[in-house]
Amino acid sequence: MTGELRDRGLRARLLLLVGRLWVAAPPERLAAVRILVGLFAVVYFSIRLPHMLSYIGFPDRQWRPVGPLWLLGHPPPAVAVMVLAALTWLSGWGFLLGWRFRATGPIHALCLLWSMTYCNSWGQIFHTENLAVLFALVLATTRAADATSLDAGRRGAVPAPDGRYGWPLLLLRVVAVATYFIAGVAKLRWGGPGWAGGDVLLDTVAADGMRKVVLGSLHSPFAELLLGQAWLFRGLALLTLVVELGAPLALLGRRVALVWVLGVIGFHLGVFALMAILFPFAVTGVAFAPFFSPERLIEWVRSRAARLRVRAARASSGKERTVG
Amino acid sequence: MVDRVVAVVVSAGVLAGVLLPLSWPASRDSFPLSNYPMFAHERRSPVLNAVYAVAIDPDGSRHWVPPIALGTREVLQARALLEGTAMRGRSAVRALCESIAARLPAMDDPGLAGAALVRVVRGSHDAIAYFERGELGQERTLSSCRVPGREPAGPVKP
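As given, the protein sequences belong to chains A and B, one line each in that order. Using my numbering, you'd call the opening residue of the first sequence number 1 and step up by one each time. Using my numbering, you'd call the opening residue of the second sequence number 1 and step up by one each time.
Excised from the complex, chain B in its bound form (with noise of 0.2 Å):
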């Protein structure tokens, strides 16, 4: 008998919970219950808006600069970090390319171990466009910092 309650309390606690999330909004979510609104919100268009870090080598040429620059292993808390520090303001995001800049000559991509300069910039991209024909679309610089001990960069190559 006692297994019984045993089970009916758990199944039901548990059943509840798992099904809680359906009466959440799009905006909420949690863990380890979820309403699980990943790829579930309608996407008009491929364009991607992102905060992301370009690293540019003295000769001018770009390097995106991967999540273990900013600390993590993750792509998507890598995401994360960017897009809540430029939330934050200009000095939270200075800081931020700062730490990045500081990271850099440790980095095993030699593109990245010799850049100059760090950006961190809001950018605009249309996904087909670049996929299928290489192209980019447009950027705002949020902060630039340099790396510490290297000369400045040369003019930045498209």
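Bound-form chain A, shown alone (with noise of 0.2 Å):
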């Protein structure tokens, strides 16, 4: 008896919380999340496309699985890895597009995940795509094309705002906030209190530099200026954690977040500026848009877009009459 009273309180508890975290929310809203997330994959895949290609002639004893291709002995054969891409780049049009969703956005999102785990299975990690991946793959289990897609525009109704477009929300804000501070923690881990000195980010700074001098690649002209100012390496590296241990403060609401997005922002110019990395998910702001009001923009882009066919419209028929 007492253990069901219990059970009871603990289902109640539970209710209760799923409850508040239930916020109502557009659907015009998930859905822009879904366009520019979607934009993203397809332009940052065609452009990543021929590196993954060219994993194709790399040696099989340079294999590393990680992730989800961690069981595969061998690398996968070169047809399987051309198929996989190409269903990667057209199943992200039907993600962006909103077309027949319910397919095509699991698809895309198993298909960039595989596509981007066969590219960081090669020995290097590179750790700007990994929350590209994870917001397609939490996209793909949401209502995402309820609104703004050619599935909505094919339903006609758009429906009322609802708890079920705001969850996916605040997971992916929940999603980004983890990631920085995890990077936050890593640093005071492993790093030492050396970190926060800014002697392990000059050093680190310098190496990387002195790293893609050897290996004949461009470096960043800024780091070579300014590796004389330990100063600035140490408000560098002050600055990196605060914007990274602080990340969770951005749940707290949408000025806190504004403020924050605006750091990590700077922080990752900061890092292209002295090591020539582009975190391009992040700086675009794209890794920011569930904190926000994104259906804003995808409306202003809409509105322009049917001013700019009005006008056009307008001018052909001017022709016309002229030529009558």
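Not the full set, but computed from the structure, chain A residues with beta-carbon under 10 Å of chain B:
| hint | residue |
| --- | --- |
| 1 | Val133 |
| 2 | Trp195 |
| 3 | Arg211 |
Going by beta-carbon spacing under 7 Å, a handful of chain B positions derived as facing chain A:
| hint | residue |
| --- | --- |
| 4 | Ser34 |
| 5 | Pro37 |
| 6 | Ala40 |
In case anyone wonders, no lab produced these hints; they're calculated from the structure. Since this is a predicted model, take the numbers as computed values, not measurements. Even glycine gets a Cβ: it sits at the ideal position worked out from N, Cα and C.
With the hints in hand, could you dock these two chains into one complex?
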């Protein structure tokens, strides 16, 4: 009897918690995040494709499978890589446009996961792609094509704001915040107290530049100029830790989130300036779309496109009249 | 109700997955889940120890070999390839050296395209000394090979 009462109490508390997190959001907001993530995925994958195909020529002994490919003892055959690359790219359009999203959403997310994991399974993990893949996987399980999509156009009516469009946005915010927080924890765990003092950062930036020189690649000219300024690296190290460990504060509200997002983008621009390493998912702002109202951006693009269409139609009818 | 169950299951799974790497040791990393160890490890000096390749042209001038000559466009992938090959021993390094030598004549950079000799080396360089004074540290040749069809290179210039 006591056990039953305890179970009921636990269930009630769980339902209360779920109810609190079940915040209504307009379907257009989740759809806008889907469009931005889909657009990013299609463009990024198109750029990454030549790199991905170049791995086909890599020797098998270089294969170091990670993540979902962990169990593959040998690299997949070239045909499988090419077919999955094509499927990733094609399904990306379905994801972006919201066409048969129930199928294309999960297919694209899984293909993107597979393709990016393949690219990261050759002895070097690129931490610039993790968040984009996680976002696609989360969105694929949601009703992200209930508005601003080909599916919604076919159905006609757009549903009212609901918690089913709100929880994915909250989850994406938590995922974004968690990745930065984990990176901050890693610096404290493995970098030691020297990290906050700036010496580790200075030496890391210097060695990274040197590595790029000996590997015949482009290195940042700014790093070369600033290496003598130890005070600057002390400030940058402290700022990095504040931005990363302070990430959970961004969940408190939009204003705090805006401050944090500007800080993160500034941090990534600093990394780009000093180390020539670009985190495009963050720098383009796509990673932070769930914190705000990206549907306004989509609406603005739509209205601009509509205005351009009207102007083009007027111009062509004017021409016809002149000819007549 | 179904929507709420899906939300709870997906959220719990995703959060558990994203936070799991916090329990991993520094030596472990994965994709897409990660403990983001990049730039976290304590570095006690600006000295870089690395394996890389240099091309020597007929007049003895040296040129850094770019990632594309190793069959990739990614600098970090090139590093992984060179370090991994060096760990596999002399014959693997020799094979890599020859594959670089075979690619060099097709390079856009005339210095690389005209190279006569390739060296895969392990070098140790103080980055601050290099960027401030242009000083290079020590190098040890792991393997060297001639570019097919080229005359031997002259004495290597510093």
